[in-house]
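The listed protein sequences correspond, in order, to chains R and L.
Take the first sequence: its position 190, counting from 1, is numbered 171 in the numbering used here, and each next residue is one higher.
Basically the numbering used here = 1-based index in the second sequence + 271.
Treat each hint with caution, since some may be false.
On the chain L side, residues computed to face chain R include the following (Cβ under 8 angstroms) [as the list claims (entries may be wrong)]:
hint : residue
1    : Ile386
2    : Leu404
3    : Tyr405
4    : Thr408
Residues from chain L that keep clear of chain R, each with C-beta distances beyond 12 angstroms, as calculated [to be verified]:
hint : residue
5    : Asp348
6    : Ser385
7    : Gly387
8    : Thr403
9    : Ser407
I should point out that these hints are in silico values taken from the structure, not numbers from a laboratory.
Glycine residues also receive a C-beta, built at the ideal position from the N, C-alpha and C atoms.
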Amino acid sequence: MPSKKVLTIFLLSFFIHFCITLQAQNKSKEEMDKLYLNKKEFNIVKDMNEDFTSISHYVILGINQTKQNIAAGNYNSYFNYQLVDYNSTSYKPGYFIGYRNDGFYKEKIRYSLGLILSKVVSGTAYSNANNLPPFISEFTHFKAEDAFINLSITPLLKQLVFTSENAGFKFLFVGGPTFDIKLSRNSAANIAYNPYHKIFVSGKIGIEFENHSYYSLFLHYKHGLSSITIAPIKTTIYNFEMGILIKPSDLF
Amino acid sequence: MRFRTTLFLSIGLFFITFFPGCKKNDTASTISVSYQMLANKTWYLDYKKAGTKTKTYIGQPTYVINFLKNLTTSDSDGMTGTYTVELINNELQIHVQAKTPKENSIEYIYTIESIGVKNLILSHVLNTDSTTLYFSTK
Chain R
-18 MPSKKVLTIF
-8 LLSFFIHFCI
2 TLQAQNKSKE
12 EMDKLYLNKK
22 EFNIVKDMNE
32 DFTSISHYVI
42 LGINQTKQNI
52 AAGNYNSYFN
62 YQLVDYNSTS
72 YKPGYFIGYR
82 NDGFYKEKIR
92 YSLGLILSKV
102 VSGTAYSNAN
112 NLPPFISEFT
122 HFKAEDAFIN
132 LSITPLLKQL
142 VFTSENAGFK
152 FLFVGGPTFD
162 IKLSRNSAAN
172 IAYNPYHKIF
182 VSGKIGIEFE
192 NHSYYSLFLH
202 YKHGLSSITI
212 APIKTTIYNF
222 EMGILIKPSD
232 LF
Chain L
272 MRFRTTLFLS
282 IGLFFITFFP
292 GCKKNDTAST
302 ISVSYQMLAN
312 KTWYLDYKKA
322 GTKTKTYIGQ
332 PTYVINFLKN
342 LTTSDSDGMT
352 GTYTVELINN
362 ELQIHVQAKT
372 PKENSIEYIY
382 TIESIGVKNL
392 ILSHVLNTDS
402 TTLYFSTK
């Protein structure tokens, strides 16, 4: 289970950010400029901020399908887990919700920046097994976690593939890194050795269908670039995400 | 403005997530998982290995031991008593304090070589001879 403190802070921060955004939208342009220029300590950010234009805000939500491949290597523990009970090569479903900023960098490059809270349930495919014939066949000393709660930071570049001026829709190709922060705690079996990294890095590619800027539908594939476990255990995670992007103003 | 807020929020959350989760209780969790796997089961001796000799008991009357959730134990030799799981010098052990059918007190220690939901490998040393016992739940 994730730390209640972290979840509370995340939800509170998201709410505060949302309120600030709404408040900013109610101010006149002059007021906003004045406020903006007064913050001299944020000059670097200000310069960066000027490069990012046409920003849209979206609520992002959907389902994911996840699998992990585990090579336990020479990891040893007091426990044995028979693979007949734990091995699963299938993808398993989870879900996610979050916030995404879409816009242009230097008026040319389409980008997005997402903060996504996801519940990941995963199939666990073990690529090697221990044997102790004739007593135990095919077991592992490492029981992989099959459920996580992650906070993902996802900066993506977007490339327009096809647009229809008449119909008003666009197809886009997206790609970029994803930084997943593991919020959930380990199960009792993994507390002692604590084999999981706190942050996982993945690469993400996908396609998005944007309809009149009202909403977007997307399909993303995420491939783990680093092991989510520490040596000698190597665990690679694979994930498909399907979902929708909606403007908060259309929801509330 | 909006980008700045999102940027700071991202950086803030990045650091906040590192504050919790620093406490560890390795021994307690190892023992807790061991109890979960061991307790409320009847364990049947399948193999006994002493030195280079291995004897099988599969398909034959065999030694049976129960470990219950209330930390009591009984076996097919008629011994009854209590047990605890302990982690001492990186050795996971079962300490049994029991009474024989003739009410004589006996205390013995098994070292857990490996434990699973359905399999248990114990070893114990008697007069410098080490014996490994392979149990299953059937």
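Results for each hint:
1. Ile386: It holds, given that the least Cβ distance between Ile386 of chain L and chain R is near 6 angstroms, below 8 angstroms.
2. Leu404: 11 angstroms, violated
3. Tyr405: Nearest chain R Cβ about 5 angstroms off; hint holds.
4. Thr408: 12 angstroms, violated
5. Asp348: 22 angstroms, holds
6. Ser385: 5 angstroms, violated
7. Gly387: 4 angstroms, violated
8. Thr403: 10 angstroms, violated
9. Ser407: 8 angstroms, violated
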